[in-house]
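Participant: Residue numbers for the sequence shown follow this note's numbering, so the first one is 243 and each next one is one higher.
Misleading hints may appear alongside valid ones.
[Said to hold, decoys possible] Straight line, CA to CA, 16 Å or less: simulated EDC-like cross-link-like pairs of lysine to aspartate or glutamate:
#1 K283 to D254
#2 K283 to E263
#3 K283 to E248
In case anyone wonders, no lab produced these hints; they're calculated from the structure.
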Amino acid sequence: MGRAPEPPAGADCHHYRASGELFVSVDHFGLCFRAGRLVAKDAVPRVGLSGEGREEYAEFAR
243 MGRAPEPPAG ADCHHYRASG ELFVSVDHFG LCFRAGRLVA KDAVPRVGLS GEGREEYAEF
303 AR
């Protein structure tokens with residue numbers, strides 16, 4: 243997934259669709275774990291979304 247940030251060293255990351263819609267571009271969420279602990283979380287924007295309208299995901303990425 244080329245839009246996702248680099249994972250932390252030694253972390254195992256998984257990405258999940260933010261919507262059940264098929265055949266369309268949707269946002270994804272990335273969760274990275276190391277030794278069973280959450281070490282990073284990211285909101286990965288859908289293709290073509292320039293940034294506006296993403297306030298609803300700002301809380302998740304903190």
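Participant: Now, for every hint given, state plainly whether the structure supports it.
Facilitator: Hint check:
1. A C-alpha spacing of about 12 Å is found between K283 and D254, which places the hinted pair at or below 16 Å, so the restraint holds.
2. With a C-alpha separation of about 22 Å, the suggested pairing of K283 with E263 is violated against the 16 Å cut-off.
3. For a cut-off of 16 Å, the pair hint linking K283 to E248 stands: about 11 Å separates their Cα positions.
Checked against the numbered hints listed earlier, the structure breaks hint 2 alone; every other hint is satisfied.
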